[in-house]
Amino acid sequence: DAKTTQPNSMESNEEEPVHLPCNHSTISGTDYIHWYRQLPSQGPEYVIHGLTSNVNNRMASLAIAEDRKSSTLILHRATLRDAAVYYCILRDVGRDDKIIFGKGTRLHILP
Amino acid sequence: NAGVTQTPKFQVLKTGQSMTLQCAQDMNHNSMYWYRQDPGMGLRLIYYSASEGTTDKGEVPNGYNVSRLNKREFSLRLESAAPSQTSVYFCASSRTQSYGYTFGSGTRLTVV
Chain A
1 DAKTTQPNSM ESNEEEPVHL PCNHSTISGT DYIHWYRQLP SQGPEYVIHG
51 LTSNVNNRMA SLAIAEDRKS STLILHRATL RDAAVYYCIL RDVGRDDKII
101 FGKGTRLHIL P
Chain B
1001 NAGVTQTPKF QVLKTGQSMT LQCAQDMNHN SMYWYRQDPG MGLRLIYYSA
1051 SEGTTDKGEV PNGYNVSRLN KREFSLRLES AAPSQTSVYF CASSRTQSYG
1101 YTFGSGTRLT VV
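Respectively, the protein sequence lines represent chains A and B.
Going by the working numbering, 92 is the number at position 92 of the first sequence; the sequence numbering is gapless.
Numbering-wise, the working numbering comes out as the position in the second sequence, counting from 1, plus 1000.
Isolated chain B, as found in the complex (with noise of 0.2 Å):
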């Protein structure tokens, strides 16, 4: 059972570049989430999903699409990548509000 799978592990843009961070689990969750955790500071939400076709805002939506692809695939794009998004990005699921998360081991991404 993989869980929560992310990928890239890491990455490294220059500033303009765009990419997509790439989310799958294979739970049958139906909510997906993204955060982005920066060096010594606690997790914040850029975007989520309560259930596919379905996406909202977090506290840190700027810069920042996302995609529902499917019940398992969560997508996060930065189309113009800016130093302030260097990042660990995790992604994570849950089955339904009274269950816990699911975290993936994160995308380290660096923006020179």
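If we strip away everything but chain A, and leave its shape as in the complex, we get (with noise of 0.2 Å):
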């Protein structure tokens, strides 16, 4: 499976974007790009997915590099709910229909 990297945790003030990076450099063709993220307490909750064009939806924005090899979520305007374990995972539609979770980013928000 192709791994991805994301930093261990991160910092980020109330009310101000946020940019969460992922790298994933072995990514396949057929790899789509899948992003959740796990409250305190809570399963992990569907965040935005996508394959190689820019994703927005009213939780977040995915912004995929062009050579895919790397991608960022993007949360516009932080706030103290979105304090959270976020999740990049690769999903290959070719082949295994599983994801298989890493470590994560612990996002931090400060009132």
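Hints are computed from structural coordinates only; laboratory data are not their basis.
Incorrect hints may appear among the rest.
Across the chosen pairs, the derived CB separations fall in these ranges [to be verified]:
#, chain 1, residue 1, chain 2, residue 2, range
1, A, D67, B, R1044, 28 to 34 Å
2, B, T1054, A, N54, 32 to 38 Å
3, B, R1044, A, T5, 17 to 23 Å
4, B, K1009, A, S28, 49 to 55 Å
5, B, P1061, A, K103, 45 to 51 Å
6, B, G1016, A, M10, 42 to 48 Å
Straight-line distance between alpha carbons at most 30 Å, and here's what the computed DSS-like set of lysine-lysine pairs gives [claimed, not checked]:
#, chain 1, residue 1, chain 2, residue 2
7, B, K1071, A, K98
8, A, K103, A, K69
9, A, K69, B, K1071
10, B, K1057, A, K103
11, A, K103, B, K1009
12, B, K1057, A, K98
13, B, K1014, A, K3
14, B, K1071, B, K1057
15, B, K1014, B, K1057
16, A, K3, A, K69
17, B, K1009, B, K1057
18, B, K1009, A, K69
19, A, K98, A, K3
20, A, K103, A, K3
21, B, K1071, B, K1009
Simulated coverage check for chain A against chain B, where a stretch passes if three residues somewhere in it have a Cβ under 8 Å from a Cβ of chain B [as the list claims (entries may be wrong)]:
#, segment
22, 12 to 26
23, 99 to 108
On a predicted model such as this, the values are computed, not experimentally measured, just so you know.
Heads up, the beta-carbon is just placed ideally off N, CA and C, and yes, glycines get one too.
Now that you have both chains on their own, put them together as the hints suggest.
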């Protein structure tokens, strides 16, 4: 399975944008880039996913590098409720239908 | 729309006891998954089912069995519980590979 690399932790101020990076240099052409987050004491929650083009939804934006070897999850205006562990995951639509979670990035929001 | 429902939410077992964790989804998803999460750790895949009638091992299948009873339900069984299986268990489902997962709220299992 292609691997992803994320910083262990990040801090951001409340009401400011947050850019969470993810490197996936061994990504294959059939890998979708997925982002999930896990709030304290809750199950993971789907955030966004994309293949090649940048994606936007009500929760966040996903910016994918042209070579697809990296991506960035953008929270446009962080709130205290966005404090969570964020996981960047690759999901291969051409092979086994499973995703493997890494350690993720723990995002701290400062009031 | 209930999403993914897990039962029970909490359970305490004695070493050697058996139990089945239940998971049901009402979104007509094809794929279902079981993960475990130990304190302070990430999620690890136990078993998954890409479609009704199929199951496959994940990263940590030892000590567990699964049954994809129908398209809606995917159960996880511990035949002889061990303290090392103390964890929070999450069930998830997905429509196809190009869609995201929906997770349940988890079952907190303690084996004493």
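Results of checking the hints against the structure:
1. Between A:D67 and B:R1044 the beta carbon distance is about 30 Å. The supplied range of 28 to 34 Å therefore holds.
2. The supplied range of 32 to 38 Å is met by B:T1054 and A:N54, whose beta-carbon atoms lie about 35 Å from each other.
3. The hint said 17 to 23 Å for the Cβ distance between B:R1044 and A:T5, and at roughly 19 Å that hint holds.
4. Separated by about 38 Å at the C-beta atoms, B:K1009 and A:S28 break the suggested range of 49 to 55 Å.
5. Separation of B:P1061 from A:K103 is about 21 Å and departs from the stated range, judged on CB atoms against 45 to 51 Å.
6. At about 44 Å, the CB distance of B:G1016 to A:M10 agrees with the hint of 42 to 48 Å.
7. At most 30 Å may separate the alpha-carbon atoms for a hinted pair to count; B:K1071 and A:K98 meet this at roughly 17 Å.
8. Only pairs whose Cα atoms come within 30 Å are accepted, and A:K103 paired with A:K69 is accepted, the gap being roughly 19 Å.
9. The suggested pairing of A:K69 with B:K1071 is violated, with an alpha-carbon distance near 36 Å, which exceeds 30 Å.
10. Of the pairs offered as hints, the one joining B:K1057 and A:K103 holds, with about 21 Å between alpha carbons and a cut-off of 30 Å not exceeded.
11. This hinted pair checks out: A:K103 and B:K1009 have alpha carbons roughly 24 Å apart, not beyond 30 Å.
12. A threshold of 30 Å between alpha carbons decides the hint, and for B:K1057 with A:K98 the separation of about 10 Å falls inside it, so the pair holds.
13. Restraint check: the Cα-Cα separation between B:K1014 and A:K3 comes to about 37 Å, which exceeds 30 Å; the hinted pair is violated.
14. Of the pairs offered as hints, the one joining B:K1071 and B:K1057 holds, with about 18 Å between alpha carbons and a cut-off of 30 Å not exceeded.
15. Between B:K1014 and B:K1057 the CA atoms are separated by roughly 26 Å; this keeps the pair inside 30 Å, and the hint holds.
16. Between the alpha carbons of A:K3 and A:K69 the distance comes to roughly 11 Å, so the proposed pair stays at or under 30 Å and holds.
17. For the suggested pair B:K1009 and B:K1057, the alpha carbons sit about 24 Å apart, so the restraint of at most 30 Å is met.
18. At roughly 39 Å between alpha-carbon atoms, B:K1009 and A:K69 are farther apart than 30 Å, so this suggested pair is violated.
19. For a cut-off of 30 Å, the pair hint linking A:K98 to A:K3 stands: about 13 Å separates their Cα positions.
20. As the CA atoms of A:K103 and A:K3 are separated by approximately 11 Å, the hinted pair is consistent with the 30 Å bound.
21. Between the alpha carbons of B:K1071 and B:K1009 the distance comes to roughly 22 Å, so the proposed pair stays at or under 30 Å and holds.
22. Counting residues of the segment 12 to 26 of chain A whose CB lies closer than 8 Å to any CB of chain B gives 0, so the stated coverage by that chain is violated, three being the minimum.
23. Under a criterion of three residues with beta carbons nearer than 8 Å to beta carbons of chain B, the stated coverage of the segment 99 to 108 of chain A is upheld, 6 such residues being counted.
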